[in-house]
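Engineer: Use the sequences and the hints to build the structure in full.
Taking the UniProt record's numbering as reference, the numbering of the sequence shown is continuous, increasing by one, and the terminal residue is 631.
Honestly, the hints are just simulated from the structure, not real lab data. Hints are not guaranteed to be accurate.
[Claimed, not checked] Pairs of lysine-lysine residues, derived as BS3-like cross-links and limited to a Cα-Cα distance of at most 30 angstroms, are as follows: (1) K530 x K313; (2) K162 x K313; (3) K162 x K49; (4) K530 x K162; (5) K503 x K530; (6) K49 x K123.
[To be verified] Label-pair restraints from in silico Cβ distances: (7) V561 x G39: 29 to 37 angstroms; (8) R249 x R308: 20 to 28 angstroms; (9) R249 x V223: 48 to 56 angstroms; (10) P200 x D68: 40 to 48 angstroms; (11) A156 x P432: 56 to 64 angstroms.
Glycine residues also receive a C-beta, built at the ideal position from the N, C-alpha and C atoms.
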Amino acid sequence: MARIARLSDVLINKIAAGEVVERPASVVKELVENSIDAGSRTIRVALEKGGLGRITISDDGHGMGMEDARLCLERHATSKLRELDDLFTINTKGFRGEALPAIASVSRFTLHTAEPGAQVGTKVVVEGGSDPLVEEAPPRVGTVISVEDLFYNTPARRKFMKRESTELQHAEEAVIRLALAHPDVAFFVEHGGQQLFTSPASPGDPRERIAAALGPGVHPHLVPVEERRLGVSVTGHIASPEYTLPNARGIYTFVNRRYIRDRGLNSAIQRGFQEFLAAGRQPVVVLFIDVDPRAVDVNVHPQKQEVRFSDAKGVVDTVHAAISRALRAAPWLGNKGEGGGPEQPRQAAHYAMAVERFLTRAQEATWGSPLPLPGTQDASVPGGGPVSPLPFAPTSMPGPLGLAFAPTTPALLPGRAPAFGQAQPQLNEAPPPGYFGALRPMGVLGERFHVCEGPGGTLVVLDAHAALERARLMGFQRMVQREEAPVPTLFGATVELPVSVAKALVEGREALARLGLEVEPFGGTTLALKAVPPSLVGADARALLEALARALPPPGSELDVTTLAEGLRVLACHAARHAEGQLSEGKLRALLGELDAADFHPTCIHGTVVVLEVPLLELERRALRPPSPKI
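Structural biologist: Here is the structure:
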């Protein structure tokens, strides 16, 4: 007896449904794409119970006759391909002829359609993949498809669906992606009779569609993007760095008007914005990449959300150039001083250089001896008074540059004014309201320490790593409190680890998930890192996992902010290390604002944000003090 047998059409369609119909959003996407391919100018989507109860798509496209309505429910029957060469010049959304039979095999499916001017329409009913019931119906404009009780006959698939609100969000996002790609088509989405998304056609101004999809607040920040190179055209809009999001959900990339996810394109966008965004913030981007259909393969993913370019580097370079050109030509790069005119950068630079020269001499000074007086090279600032040296004598173990902020109050040295760590020993734990936002960055020392001017001319030195670490810790704590699920990253990695480390991570997968990471065994002692928090994308995966293996609570522990505190500190430290080298002046200003809102009571691995503070009065007093006599 033969062991190989042909599968039935019903079973084939259900297998196809496992690839094509992942959730209600997949049904919405496939049906709306068919409506767009049918030349519709208005598309309406009505949902019940997040799409699991009912999905109804109605359009005003060209519709179908009875024969086409019957054939469209047969597998691999399509109007969009005829010959093999057509597969390499695809200009439509759908082309495989799998979606409708797959959807009909796992739902109660009804199709009502008619050709333009027809005297009679067609109605087709399919129950869970059974033979279609085809009958005449009243004529109508376009097509209406109703999908009820999705997955009713595949309970194993049905039980894996998320909450109604989650499925609804995915379905709405599917419509938004298509709406962004086709501003010339009107879209209307409702759920349970309540309007969710309403956007009339706006072919003249795509910004109106972007604002309807992403919120009206983005509209005044939108800047056009355009770049053309060797058969690649990049157009669209980006939001200025003043309008950002905490995640990458505002990045939309389309290839020949098809929404796709491509790590190369996302990397090009991130590189274009890296000098302008604060750490942990993501840009808003809607980009349309148009290439010759023969130069891109869209048939590489069941849901057609990935493509393969014949010249991937050329496309990525064009996208990066488009982003960079738009950002550098935009008006937000012009800095204004308090009087509304351009700032005088030379004065700030001279001031910062004077401070750096003094701190260098202070580092070279004998430990505990008086700090050197200024030389003639520090005498004045153009247009201003003298720049005096710092009177700060170290009061604790020296850190980098020989200067440290003492977290406790040591004994005052005789004849010395109290230094910052002595006069205000708890400042790093409870800074005054608005303390950091009032600072004015002036320069960088050692690629880590930021010299700032505080109110009244106070000199303040910040440790950039500690500041970033404090801000990231707050974000990670909120993530745990909200019980956010790990978000899959496009930049996954596999890491080979020592046996003990791999074992600890596998046993602590639940704790890692609460920390925003998803790891899976990948054979032997190799683990696949599939998800990380957005601010850790690109960080050293091996170092991060090894540190977390030592910081996870014992298996079976209750997972909350308290038990995960050590793991949160590790995440914050590695996120700070990853972002430290990208801290431009704009990002520093944003970070200072975050520090004003941060809670300084939880401990960090590197907790000393303010390394040094010297009031202007002390600087002036030191400038008037005669030099100590040599003995």
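Engineer: None of the hints should be skipped; say for each whether it holds.
Structural biologist: Consistency of the hints with the structure:
no.: 1; hint: K530 x K313; in the structure: holds, 25 angstroms
no.: 2; hint: K162 x K313; in the structure: violated, 38 angstroms
no.: 3; hint: K162 x K49; in the structure: holds, 11 angstroms
no.: 4; hint: K530 x K162; in the structure: holds, 20 angstroms
no.: 5; hint: K503 x K530; in the structure: holds, 17 angstroms
no.: 6; hint: K49 x K123; in the structure: holds, 25 angstroms
no.: 7; hint: V561 x G39: 29 to 37 angstroms; in the structure: violated, 54 angstroms
no.: 8; hint: R249 x R308: 20 to 28 angstroms; in the structure: holds, 25 angstroms
no.: 9; hint: R249 x V223: 48 to 56 angstroms; in the structure: violated, 19 angstroms
no.: 10; hint: P200 x D68: 40 to 48 angstroms; in the structure: violated, 30 angstroms
no.: 11; hint: A156 x P432: 56 to 64 angstroms; in the structure: holds, 59 angstroms
Comparing the model with each earlier hint shows violations of hints 2, 7, 9, 10; every other hint is respected.
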